[in-house]
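There are 2 protein chains.
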Amino acid sequence: MAAGRTQRRGKGRGPGRPRASSSATIHEAALELFLERGYGAVSVDDIARRAGVSRGTVFSYCESKADALWVALDAAIARAGEALEAPQLDGAGRARGAIDALVEAIVGAVEPWGSTPPVVLRDARAMEAEAALRDGAPARLQPLVERAALALALERDALPESPAAAVAPVAIVAAACAALAAWALEPGRPPASVAARAAIEPLAAASRIHNDPRA
Amino acid sequence: MAAGRTQRRGKGRGPGRPRASSSATIHEAALELFLERGYGAVSVDDIARRAGVSRGTVFSYCESKADALWVALDAAIARAGEALEAPQLDGAGRARGAIDALVEAIVGAVEPWGSTPPVVLRDARAMEAEAALRDGAPARLQPLVERAALALALERDALPESPAAAVAPVAIVAAACAALAAWALEPGRPPASVAARAAIEPLAAASRIHNDPRA
DNA sequence: GCGGATTGTCATACCGGGTGCAACAATAGC
DNA sequence: GCTATTGTTGCACCCGGTATGACAATCCGC
Numbered sequence: 078m079a080a081g082r083t084q085r086r087g088k089g090r091g092p093g094r095p096r097a098s099s100s101a102t103i104h105e106a107a108l109e110l111f112l113e114r115g116y117g118a119v120s121v122d123d124i125a126r127r128a129g130v131s132r133g134t135v136f137s138y139c140e141s142k143a144d145a146l147w148v149a150l151d152a153a154i155a156r157a158g159e160a161l162e163a164p165q166l167d168g169a170g171r172a173r174g175a176i177d178a179l180v181e182a183i184v185g186a187v188e189p190w191g192s193t194p195p196v197v198l199r200d201a202r203a204m205e206a207e208a209a210l211r212d213g214a215p216a217r218l219q220p221l222v223e224r225a226a227l228a229l230a231l232e233r234d235a236l237p238e239s240p241a242a243a244v245a246p247v248a249i250v251a252a253a254c255a256a257l258a259a260w261a262l263e264p265g266r267p268p269a270s271v272a273a274r275a276a277i278e279p280l281a282a283a284s285r286i287h288n289d290p291r292a
Numbered sequence: 078m079a080a081g082r083t084q085r086r087g088k089g090r091g092p093g094r095p096r097a098s099s100s101a102t103i104h105e106a107a108l109e110l111f112l113e114r115g116y117g118a119v120s121v122d123d124i125a126r127r128a129g130v131s132r133g134t135v136f137s138y139c140e141s142k143a144d145a146l147w148v149a150l151d152a153a154i155a156r157a158g159e160a161l162e163a164p165q166l167d168g169a170g171r172a173r174g175a176i177d178a179l180v181e182a183i184v185g186a187v188e189p190w191g192s193t194p195p196v197v198l199r200d201a202r203a204m205e206a207e208a209a210l211r212d213g214a215p216a217r218l219q220p221l222v223e224r225a226a227l228a229l230a231l232e233r234d235a236l237p238e239s240p241a242a243a244v245a246p247v248a249i250v251a252a253a254c255a256a257l258a259a260w261a262l263e264p265g266r267p268p269a270s271v272a273a274r275a276a277i278e279p280l281a282a283a284s285r286i287h288n289d290p291r292a
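Respectively, the protein sequence lines represent chains A and B.
Numbering-wise (my numbering), the first sequence opens with residue 78 and increments by one.
Numbering-wise (my numbering), the second sequence opens with residue 78 and increments by one.
Possibly wrong hints are sitting among the right ones.
One side of the interface only, derived from the structure: several residues of chain A facing chain B at Cβ under 10 Å [what the hints assert, rightly or not]:
1) 102
2) 213
3) 226
4) 227
5) 243
6) 248
7) 258
8) 272
One-sided excerpt, in silico: chain B residues whose CB lies under 8 Å from chain A [stated by the list, open to error]:
9) 165
10) 168
11) 170
12) 208
13) 220
14) 224
15) 227
16) 238
17) 243
18) 248
19) 251
20) 256
21) 260
22) 276
23) 282
24) 283
Far from chain A, by Cβ distances over 12 Å, these chain B residues were calculated [unchecked claim]:
25) 117
26) 132
27) 155
28) 163
29) 203
30) 257
31) 275
To be clear, the hints were calculated from the coordinates, so they are not data collected in a lab.
Using N, Cα and C, we set each Cβ at its ideal position, and we do this for glycine too.
Let's have the full structure, built from the sequences with the hints guiding it.
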């Protein structure tokens, strides 16, 4: 979605004034400043100045100041969401259960990270952005959680708002976040996908067996 | 902490101007307005007017507009936190593990609710306060999660920031929240403590066995 | 090359949450 | 009545976020 704004829709360019900046530029400027002064000590005006653009323009590229913090993570969340929407087949071509689908979606989403975490995760403390990340997470993850809950509700024919459908996705996603946050700080890191799977697989197993279809 | 502001420290009254309001009054006014117009459509000025007090005074009783939303829930979180700090013994007088301690703390904290959820939970949708509750939860729950992670770190002699210590508390607390949010909407409700235990016990069991001391 | 149509940028004003401060009001104790 | 103490109030301010109207720079048809 960030790329859709930077490049014009159809081809290279249409009519109209050409863009003077890009979301990438602004995000970079913001992250620089966050690292230099800390998230809370950076105002949107500061970001605008650093990016060589006006305050209004910043908001035409970003929805909020926190966006810069979330670019990399949002991308992973989006990958997980897409994986969750695609038809779910396991290695042998059998349909996957909702819990397994969520696990694989998360694990697959962070696979591109390999063993090197996104800067914002590694330097969250330096940016004093831990609170912002913590508090912003629920809103950003909600679509993912909701989709998983919906699939689980279908599978267990329960209401999506019922505990049977709503609890496991929240727990698994929250665990993945905590695990990845911790993983990003470890000195000798396994691949992110390994760390994520190790953290959530036990929970997934528990969620699978306990609330089996129609208890 | 709310009571400490309303009543003067030592005894009934000392010198100085007597209080013209109380945090309870303001919270009630706020909740009334939230129910009438929705959380987002109520400004702090509205709350001040309704409570018969000035804007500044509102902030001298409440830290933020969201406080009114959180009074009942904060109380439960505080109960859980205190339970977690107290020495942990199970029914037979044996010391409890960190995971069990967290489970019992949460279950015990919501026990006073019986089968009737706090209004803010039951009427969250009517107040359009679901987002505010969702987004405010991490900050309010962090102390609880951190204490549990610390205990778990000691038990497994791992660093508190390591996945082994950090993941399980987050997952359990998140699951409890999701379960109680869903529980508050169910028509035929069991006691909150029952719903909470049912949701988190399987996860607790998984957290106990998988990451056993020194894997 | 000229005149739209189109698109992006900017300045400005505004709203609402939250903080800080100085003036003022109301009490207790002397 | 005076003073110390404590609460309340109004105000100015900062910041994030939204909306708007003027202006700038491009493309396209002529």
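Hint-by-hint comparison with the structure:
| no. | hint | result |
| --- | --- | --- |
| 1 | 102 | violated, 28 Å |
| 2 | 213 | holds, 8 Å |
| 3 | 226 | holds, 9 Å |
| 4 | 227 | violated, 14 Å |
| 5 | 243 | holds, 5 Å |
| 6 | 248 | holds, 4 Å |
| 7 | 258 | holds, 7 Å |
| 8 | 272 | holds, 7 Å |
| 9 | 165 | violated, 22 Å |
| 10 | 168 | violated, 23 Å |
| 11 | 170 | violated, 28 Å |
| 12 | 208 | holds, 7 Å |
| 13 | 220 | violated, 12 Å |
| 14 | 224 | violated, 15 Å |
| 15 | 227 | violated, 14 Å |
| 16 | 238 | holds, 6 Å |
| 17 | 243 | holds, 5 Å |
| 18 | 248 | holds, 4 Å |
| 19 | 251 | holds, 4 Å |
| 20 | 256 | holds, 5 Å |
| 21 | 260 | holds, 6 Å |
| 22 | 276 | holds, 5 Å |
| 23 | 282 | holds, 6 Å |
| 24 | 283 | holds, 4 Å |
| 25 | 117 | holds, 14 Å |
| 26 | 132 | holds, 24 Å |
| 27 | 155 | holds, 19 Å |
| 28 | 163 | holds, 25 Å |
| 29 | 203 | holds, 15 Å |
| 30 | 257 | violated, 9 Å |
| 31 | 275 | violated, 8 Å |
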